[in-house]
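Chains as they are written, first to last, in this note's numbering: chain A, 1 to 417; chain Y, 1 to 417.
Hints listed in this document are in silico derivations from the structure and should not be mistaken for laboratory results. Accuracy of the hints is not assured; some may be wrong.
All copies of an identical chain are treated as equivalent in the list; a pair is satisfied when it fits inside any one copy or across any two copies.
Claimed, not checked - When the alpha-carbon atoms are kept at most 30 Å apart in a straight line, the in silico DSS-like pairs for lysine-lysine are as follows:
id : residue 1 : residue 2
1  : 20        : 236
2  : 281       : 31
3  : 208       : 194
4  : 401       : 236
5  : 280       : 20
6  : 61        : 401
7  : 401       : 351
8  : 158       : 280
9  : 20        : 31
10 : 20        : 194
11 : 280       : 31
12 : 31        : 61
13 : 294       : 61
14 : 170       : 351
15 : 351       : 208
16 : 158       : 281
17 : 158       : 351
18 : 194       : 280
19 : 61        : 281
20 : 236       : 31
21 : 20        : 351
22 : 236       : 294
23 : 170       : 281
Model, not experiment: these values are computed from the prediction.
Protein chains: 2
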Amino acid sequence: MQLQNTIQQQAQSAKRAAQKLAILSTEMKNKALLEMASALEHRSDMILSENQIDLNNARAKNLSAPLLDRLMLNEDRLHAIAEGMRQIALLDDPIGSGLCEIRRPNGLDIRAVRVPLGVVGIIYEARPNVTADAIALCLKSGNSVVLRGGSEAINSNKIICSILASAAYKAGIPEGAIAFIDDVQRSTVATMLKLRHELDVIIPRGGKGLINYVVENSTVPVIETGAGVCHAFVDKTADFQMAADIVVNAKTSRPAVCNTIETLLIHEDIAADFLPLITKKLQSLHVTIKGDEKSRTLCPSLEEASEEDWSTEYHDLIISVKIVFDIFEAVEHINAYNTGHSETIITNDLKNARYFQGNVDAAAVYVNASTRFTDGFEFGFGAEIGISTQKLHARGPMGLKALTTIKYLIDGNGQIR
Amino acid sequence: MQLQNTIQQQAQSAKRAAQKLAILSTEMKNKALLEMASALEHRSDMILSENQIDLNNARAKNLSAPLLDRLMLNEDRLHAIAEGMRQIALLDDPIGSGLCEIRRPNGLDIRAVRVPLGVVGIIYEARPNVTADAIALCLKSGNSVVLRGGSEAINSNKIICSILASAAYKAGIPEGAIAFIDDVQRSTVATMLKLRHELDVIIPRGGKGLINYVVENSTVPVIETGAGVCHAFVDKTADFQMAADIVVNAKTSRPAVCNTIETLLIHEDIAADFLPLITKKLQSLHVTIKGDEKSRTLCPSLEEASEEDWSTEYHDLIISVKIVFDIFEAVEHINAYNTGHSETIITNDLKNARYFQGNVDAAAVYVNASTRFTDGFEFGFGAEIGISTQKLHARGPMGLKALTTIKYLIDGNGQIR
Numbered sequence: 001m002q003l004q005n006t007i008q009q010q011a012q013s014a015k016r017a018a019q020k021l022a023i024l025s026t027e028m029k030n031k032a033l034l035e036m037a038s039a040l041e042h043r044s045d046m047i048l049s050e051n052q053i054d055l056n057n058a059r060a061k062n063l064s065a066p067l068l069d070r071l072m073l074n075e076d077r078l079h080a081i082a083e084g085m086r087q088i089a090l091l092d093d094p095i096g097s098g099l100c101e102i103r104r105p106n107g108l109d110i111r112a113v114r115v116p117l118g119v120v121g122i123i124y125e126a127r128p129n130v131t132a133d134a135i136a137l138c139l140k141s142g143n144s145v146v147l148r149g150g151s152e153a154i155n156s157n158k159i160i161c162s163i164l165a166s167a168a169y170k171a172g173i174p175e176g177a178i179a180f181i182d183d184v185q186r187s188t189v190a191t192m193l194k195l196r197h198e199l200d201v202i203i204p205r206g207g208k209g210l211i212n213y214v215v216e217n218s219t220v221p222v223i224e225t226g227a228g229v230c231h232a233f234v235d236k237t238a239d240f241q242m243a244a245d246i247v248v249n250a251k252t253s254r255p256a257v258c259n260t261i262e263t264l265l266i267h268e269d270i271a272a273d274f275l276p277l278i279t280k281k282l283q284s285l286h287v288t289i290k291g292d293e294k295s296r297t298l299c300p301s302l303e304e305a306s307e308e309d310w311s312t313e314y315h316d317l318i319i320s321v322k323i324v325f326d327i328f329e330a331v332e333h334i335n336a337y338n339t340g341h342s343e344t345i346i347t348n349d350l351k352n353a354r355y356f357q358g359n360v361d362a363a364a365v366y367v368n369a370s371t372r373f374t375d376g377f378e379f380g381f382g383a384e385i386g387i388s389t390q391k392l393h394a395r396g397p398m399g400l401k402a403l404t405t406i407k408y409l410i411d412g413n414g415q416i417r
Numbered sequence: 001m002q003l004q005n006t007i008q009q010q011a012q013s014a015k016r017a018a019q020k021l022a023i024l025s026t027e028m029k030n031k032a033l034l035e036m037a038s039a040l041e042h043r044s045d046m047i048l049s050e051n052q053i054d055l056n057n058a059r060a061k062n063l064s065a066p067l068l069d070r071l072m073l074n075e076d077r078l079h080a081i082a083e084g085m086r087q088i089a090l091l092d093d094p095i096g097s098g099l100c101e102i103r104r105p106n107g108l109d110i111r112a113v114r115v116p117l118g119v120v121g122i123i124y125e126a127r128p129n130v131t132a133d134a135i136a137l138c139l140k141s142g143n144s145v146v147l148r149g150g151s152e153a154i155n156s157n158k159i160i161c162s163i164l165a166s167a168a169y170k171a172g173i174p175e176g177a178i179a180f181i182d183d184v185q186r187s188t189v190a191t192m193l194k195l196r197h198e199l200d201v202i203i204p205r206g207g208k209g210l211i212n213y214v215v216e217n218s219t220v221p222v223i224e225t226g227a228g229v230c231h232a233f234v235d236k237t238a239d240f241q242m243a244a245d246i247v248v249n250a251k252t253s254r255p256a257v258c259n260t261i262e263t264l265l266i267h268e269d270i271a272a273d274f275l276p277l278i279t280k281k282l283q284s285l286h287v288t289i290k291g292d293e294k295s296r297t298l299c300p301s302l303e304e305a306s307e308e309d310w311s312t313e314y315h316d317l318i319i320s321v322k323i324v325f326d327i328f329e330a331v332e333h334i335n336a337y338n339t340g341h342s343e344t345i346i347t348n349d350l351k352n353a354r355y356f357q358g359n360v361d362a363a364a365v366y367v368n369a370s371t372r373f374t375d376g377f378e379f380g381f382g383a384e385i386g387i388s389t390q391k392l393h394a395r396g397p398m399g400l401k402a403l404t405t406i407k408y409l410i411d412g413n414g415q416i417r
């Protein structure tokens, strides 16, 4: 109860601060971001020593090497985080720009302007860099932020947040705009999810378990991010070299991230030639391949894919393979099993390329390119708060505009209806 | 369980139909809408006789006169509904238009295009006209729709839906695109709220109870609509005649709707003059006035306003009045008690007008005009699926574009990352 009240009070302060933050000048916000970036670099000793505590705790708990790597900060990484904040300062301010003007026959002037969402809640897991990123993106777009990070990075998150908040407030950001929930009990997440009057949106960043828990329990609107069961479909007219390069890149360049492919679909007319070729390449890169019946007939060395595989995000060097009769079966399979993230076709048939883009239901639908490009920076947005896999509000990579809404300003001279 | 399965199957059929509907030509959709409108008029006898059953049941349950009026259909009203559908056929198709094109340095061409949301769930109460409106708006924007109407109008809704669906399917709309949940048990709402994999959004249309229930229990993304605790602030420089006209219009022209004002705030410097004037006018129109202490000192005939009044949507000829020290107190009161719908200031002070528009947190913020204009038709959108009082996805009156999302189409020639 005590804890619930504290969290609610932090959120209420964030809401009050948001009203002031919404009308702060771009200049003030940018100045604050630059000073916050410098503070992060000046206090790197403090941050690294707190990070060391998290790393020691993680090692004591036998966390895996990739998890330890996510958690680990050093001078270079801190410098990169500070540089990221400076980049955000350079981006156009999304706030205040007019979106449309309507003059009605009765003389009413209606303008739609872009305004901040208000208070953004971020619930995230083990990466301490998310703390700085989220604070910078929320501030730049005029939003207060309430952060709730994972237990593994609690000491790192806390010190980063405290350094950034005090630099921000010194630079004129309203007090309370940056709130950190300094408690890792699971119940703090549950409390946040019920703060419908204080928070305007919650963005969960992390694994499937966290995201499902948030979606299923939140009364605050949620933007679902991250889950990616992505596919590549190699059509019968595909250039084999291009197809192999794209499949290898999309599976192996960073297997733990969401825009990696999990399933390879191959047109049956070319399967006998392409499957052995891609199997050899993937196996030489230590990728485990799980095939359907047809592909195991062609390549008996493949493991057997189960029904569950088609909807599994492996986060690992594992891929499932299915041979399909034609593009229609490929699109049908994708729409049945994908998570609405990123899909690609490798083809030289323009009609099939357009059919694929028109009919596949996903945020990003590629022709002849790797799904790994689904990313705010690669799309040229200059920043990314996450990748939305839902259709409401934002879809695909979310830049600063995803943290805004509109407001109608209507000027009259006594109009009544 | 049986019932749950039926609803889920309807939603799955709607999802399959949505994939075909998404790529249907504007011409086909418009032709279907016109034939649906004609079918509604040709079968008016059938509809009116089913409506009579609902009216008889409602009378037997002693429903109030306004509720009976909402429920009642006649030839004129059916003609108006059909005309509304013809108007929707005339609107621009929101689907397929390119929103932006980005050519990246690596040669990737990224286009964002507007696409349907997919399957829209509508949960509504006693108005049978919502059935036809919602079907027409969803079809025009390429969406399937799953409707769940209130028990009072069940027979009217069922026949309208069945006539429209068969006309639509005959005109080439994919079967299953229009689903009606033919059961009024409360549990059908609960079932819909969990269909996260079938429904892309749920829009509740009705009273506070329904909307809160949906927001608190849905795992499907929700667009919150409708609740309106709206305010008028009469500043010290206001033109009294204009202020009185606006307040009277905003309170009395249609007290049951959401863009009606519930609270009048008056600057204390003019309260002694303006309050008796507006009190007289409102009382002559049978409006009950509940005042704070200061206003009751000036006008002892007012009833006493309690803390609860400041957050009450009366849906009736009742208004609460509060005298405020200045514009800052007015804005603070509004931001503390409003529902994010519509607010107006009556003033001749430009600085105060801009302060009010900049600092009041609501979908529509007026200067010198009645809040009653917050409406899709009055804003020139040509249609309205509801008025969003949340900030995510859509805010204020929602036209066809609110029923769409985007999709990124990316063309490459072998790019890998």
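How the hints compare with the structure:
no., hint, verdict
1, 20 with 236, "between (58 Å within a copy, 24 Å between copies)"
2, 281 with 31, "neither (50 Å within a copy, 53 Å between copies)"
3, 208 with 194, "both (20 Å within a copy, 18 Å between copies)"
4, 401 with 236, "neither (40 Å within a copy, 38 Å between copies)"
5, 280 with 20, "neither (60 Å within a copy, 38 Å between copies)"
6, 61 with 401, "neither (39 Å within a copy, 50 Å between copies)"
7, 401 with 351, "between (34 Å within a copy, 28 Å between copies)"
8, 158 with 280, "neither (47 Å within a copy, 59 Å between copies)"
9, 20 with 31, "within (16 Å within a copy, 51 Å between copies)"
10, 20 with 194, "within (24 Å within a copy, 38 Å between copies)"
11, 280 with 31, "neither (54 Å within a copy, 54 Å between copies)"
12, 31 with 61, "neither (41 Å within a copy, 65 Å between copies)"
13, 294 with 61, "neither (43 Å within a copy, 64 Å between copies)"
14, 170 with 351, "between (58 Å within a copy, 29 Å between copies)"
15, 351 with 208, "neither (36 Å within a copy, 50 Å between copies)"
16, 158 with 281, "neither (44 Å within a copy, 59 Å between copies)"
17, 158 with 351, "neither (53 Å within a copy, 41 Å between copies)"
18, 194 with 280, "neither (51 Å within a copy, 44 Å between copies)"
19, 61 with 281, "neither (36 Å within a copy, 73 Å between copies)"
20, 236 with 31, "neither (55 Å within a copy, 38 Å between copies)"
21, 20 with 351, "between (53 Å within a copy, 17 Å between copies)"
22, 236 with 294, "within (16 Å within a copy, 81 Å between copies)"
23, 170 with 281, "neither (55 Å within a copy, 52 Å between copies)"
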